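Now that you have both chains on their own, put them together as the hints suggest.
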Amino acid sequence: MNKKNIHSKNSGFTTPQNYFDTVEERILQEITLKKNGPKVLPFRIPNGYFETLEDRVLAKIPSIKKEPKIISFIHTKTFKYVASIAAIIILYVTLFKDTSIGMFDFNAIDQSQISYYVEQGYIDISDTELESLISEKALNNNLLSLDISKDEIFDYLSNLLDDNTLNLEDH
Amino acid sequence: MKIETEEILIADLQSETNRDIAFRELISLYKERLYWHIRKIVLSHDDADDVLQNTFIKIFRNIDGFKGESKLYSWMYRIATNEAITFIHNKAKHSQVTSEKIQQIAINNLEADVYFEGDEIQFKLQKAIATLPQKQQLVFNMKYFDDHTYEQLSDILETSVGALKSSYHIAVKKITAYLTEN
Chain A
1 MNKKNIHSKN SGFTTPQNYF DTVEERILQE ITLKKNGPKV LPFRIPNGYF
51 ETLEDRVLAK IPSIKKEPKI ISFIHTKTFK YVASIAAIII LYVTLFKDTS
101 IGMFDFNAID QSQISYYVEQ GYIDISDTEL ESLISEKALN NNLLSLDISK
151 DEIFDYLSNL LDDNTLNLED H
Chain B
1 MKIETEEILI ADLQSETNRD IAFRELISLY KERLYWHIRK IVLSHDDADD
51 VLQNTFIKIF RNIDGFKGES KLYSWMYRIA TNEAITFIHN KAKHSQVTSE
101 KIQQIAINNL EADVYFEGDE IQFKLQKAIA TLPQKQQLVF NMKYFDDHTY
151 EQLSDILETS VGALKSSYHI AVKKITAYLT EN
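Those sequence lines, one after another, are chains A and B. Numbering-wise, the first sequence is residues 1 to 171 according to this note's numbering. Numbering-wise, the second sequence is residues 1 to 182 according to this note's numbering.
Heads up, some of the hints might be wrong.
Stated by the list, open to error - Under 8 angstroms between C-beta atoms, here's a sample of chain A residues computed to sit facing chain B:
no., residue
1, Ile45
2, Pro46
3, Glu51
4, Thr52
5, Val57
To be verified - Pairs of lysine-lysine, BS3-like flavour, derived with a Cα cap of 25 angstroms:
no., chain 1, residue 1, chain 2, residue 2
6, A, Lys60, B, Lys91
7, A, Lys34, B, Lys143
8, A, Lys39, B, Lys67
9, B, Lys67, A, Lys150
10, B, Lys71, A, Lys34
11, B, Lys124, A, Lys34
12, A, Lys39, B, Lys174
13, B, Lys165, A, Lys39
14, B, Lys31, A, Lys60
15, A, Lys80, B, Lys91
16, B, Lys67, A, Lys80
17, B, Lys124, A, Lys39
18, A, Lys77, B, Lys67
19, A, Lys77, B, Lys93
No lab work stands behind these hints, which were simulated from the structure alone. As the structure is a prediction and not an experimental result, all values here were calculated from the model. All residues carry an ideal CB built from backbone N, CA and C; glycine is no exception.
Here chain B stands alone, though its shape is the one from the complex (with noise of 0.2 angstroms):
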């Protein structure tokens, strides 16, 4: 999105009257890319229509106190993550386990989910981005399948592009050597 358009956006989104029509602009503008986003961590459709729903809310919620310091995707995807994320320790919490174990349970349950469609290596790469920590997982999934550049990522995730390079790295690593060894 060009700065001009966003910046109008924005003030349309912080005004009263034009709030409700950019609101729903927005929406239609990010749905997807926040969806797939959610949905990589959370795997499962209803759970990550669940996240995706809360995040819009929570985007409507804090819009006004929306600053500029990052732009304005960087900012909602930061929500997303942290919703995505927050919501896997709810869970955890409520069924009295950790978020690893919510995520092998996820990860156990998408050969039955009628939503995933992946052959045999597309499950094994699910199963081997599980285990990796939580922060390479997001590193990962959002470097190798969105293509998302580094300093974009730096900017979403307020992590050091170097540090980045090294998650990445060291997912990739491990990844390859799950493949290799499965």
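One chain only, chain A, in its complex shape (with noise of 0.2 angstroms):
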């Protein structure tokens, strides 16, 4: 069959660049993986594994139902995010309040550009280290001087808990 023919007649259906150079090859494939791949899985599970399933699962739930509905502030990520850039603060003033070397004004860094780094795990401690890092004291005050409102915090956690979205990245 001429494939020129029927492209001329103008049907108005085009095809990707290249399809029909390719179309051969990727069928062969397929054919050749259906022919040597099997499509049965080569798995086994336990005799009476999914009849007990249900039970096992639901058996985990009464616990979960009560659990208060109180989300501990101090394991949740809002707290490891207020958390970072108090460090990132106490860091700073550690390292540079005595020196008049004005390497640069850390005024002037944004503070969407401090929780980007944040959050892209350019900072990687552990709990326990953010914890010897911090005091009490100093958390409190800039805690307060973030000034979140309640409603903010919770939309900010209600979007965690919401949060199921793939993070794949694309290969």
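Here it is in structure tokens:
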């Protein structure tokens, strides 16, 4: 069949670029795979595994239900986020307070840039390390000065709980 | 599942009174599909069991926030996928190796796994899949073994149909080459 004749009829349909150049190869690959690659999964499961699954999952649910709906502030990402900023400020003050060398103006750094820096994981410190860096007094002062409303915290946590989206890198 | 049936189930899951019964029904409906989806990612039965239970617990905790923007099963598949990938990442972090290394270890353990009953070619196919980047593995497994449509995959993986087709064809090409060479 002459492909050009089909296209010349102006049907309005088009194909991706080089589609016909690779179609044979792709079909043959699929055939080879289907011939050599069995579609049956080679995995087994223990006898009666699925019969007891509901009970095993539901057995864990009551303990979840009994948990009060108070979200511990100290374990939330919000705490890490705020505490990381506090840690940066404290580190800066500790390191540069007594030096007269004005390398840069910390106030000139936009808060969103600091947030981005923290969120990207450029600072990799454990909770324990974080705790050792921050005094409770300093933390309280910094938290208070951030002026975050209860509604904002609630919205932030609600969004966190709803966030089930995939975060996969494209390959 | 019919849309009306799904809506009733979701309403029950979000109610105080029928939640437990509805949740049991939900587990019964999806346990096998989600299990096999997870098993193909983590490979070992014990790990799949852990991830599956965590997936259902997460579903239970978050069902109130399910707003029906995607289908229920797409939403659950997405949670299962995230849980499985997070499980591998955590395992890698704990062992201080890469996620790819963890998957290679899981593949190498397959031959000795009492819950693996594949022949040589099935083992080779699993080895070939493990050589792919994670997203290509997902697309290949879900398309090749589960016969999901690209539209379903698009909903679950939140990726365009065109990108998924491209991922699948690249995966097929690599796997064919691996099987031919080995």
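Against the structure, the hints come out as follows:
1. About 6 angstroms separates the beta-carbon of Ile45 (chain A) from the nearest beta-carbon of chain B, less than 8 angstroms, and the hint is met.
2. At its closest, the beta carbon of Pro46 (chain A) sits 7 angstroms from a beta carbon of chain B; the interface hint therefore holds under the 8 angstroms criterion.
3. For Glu51 (chain A), the interface hint is violated, since its Cβ never comes within 8 angstroms of a Cβ in chain B; the closest pair sits about 10 angstroms apart.
4. For Thr52 (chain A), the shortest C-beta to C-beta distance to chain B is roughly 11 angstroms, which exceeds 8 angstroms, and the interface hint is violated.
5. For Val57 (chain A), the interface hint holds, since its Cβ comes within 8 angstroms of a Cβ in chain B; the closest pair sits about 5 angstroms apart.
6. Between Lys60 (chain A) and Lys91 (chain B), the direct Cα distance comes to roughly 23 angstroms. Compliance with the 25 angstroms bound is thereby established for this hinted pair.
7. Straight-line distance between C-alpha atoms of Lys34 (chain A) and Lys143 (chain B) comes to about 13 angstroms, which keeps the hinted pair within the 25 angstroms bound.
8. Distance restraint check for Lys39 (chain A) and Lys67 (chain B): the Cα-Cα separation of roughly 35 angstroms exceeds the 25 angstroms cut-off, and the hinted pair is therefore not satisfied.
9. The straight-line distance between the Cα atoms of Lys67 (chain B) and Lys150 (chain A) is roughly 24 angstroms, inside the 25 angstroms bound, and the hint therefore holds.
10. The suggested pairing of Lys71 (chain B) with Lys34 (chain A) is violated, with an alpha-carbon distance near 30 angstroms, which exceeds 25 angstroms.
11. Restraint check for Lys124 (chain B) and Lys34 (chain A): satisfied, since their Cα atoms lie roughly 14 angstroms apart, inside the 25 angstroms limit.
12. The suggested pairing of Lys39 (chain A) with Lys174 (chain B) holds, with an alpha-carbon distance near 17 angstroms, which does not exceed 25 angstroms.
13. Between the alpha carbons of Lys165 (chain B) and Lys39 (chain A) the distance comes to roughly 19 angstroms, so the proposed pair stays at or under 25 angstroms and holds.
14. A C-alpha spacing of about 16 angstroms is found between Lys31 (chain B) and Lys60 (chain A), which places the hinted pair at or below 25 angstroms, so the restraint holds.
15. Restraint check for Lys80 (chain A) and Lys91 (chain B): satisfied, since their Cα atoms lie roughly 22 angstroms apart, inside the 25 angstroms limit.
16. For the hint pairing Lys67 (chain B) with Lys80 (chain A), the CA-to-CA distance comes to about 28 angstroms; that exceeds 25 angstroms, so the pair is violated.
17. For the given pair, Lys124 (chain B) sits about 13 angstroms from Lys39 (chain A) by alpha-carbon distance, which is consistent with the 25 angstroms threshold.
18. Of the pairs offered as hints, the one joining Lys77 (chain A) and Lys67 (chain B) holds, with about 23 angstroms between alpha carbons and a cut-off of 25 angstroms not exceeded.
19. Our distance criterion of 25 angstroms between C-alpha atoms is met by Lys77 (chain A) and Lys93 (chain B), whose separation comes to about 19 angstroms.
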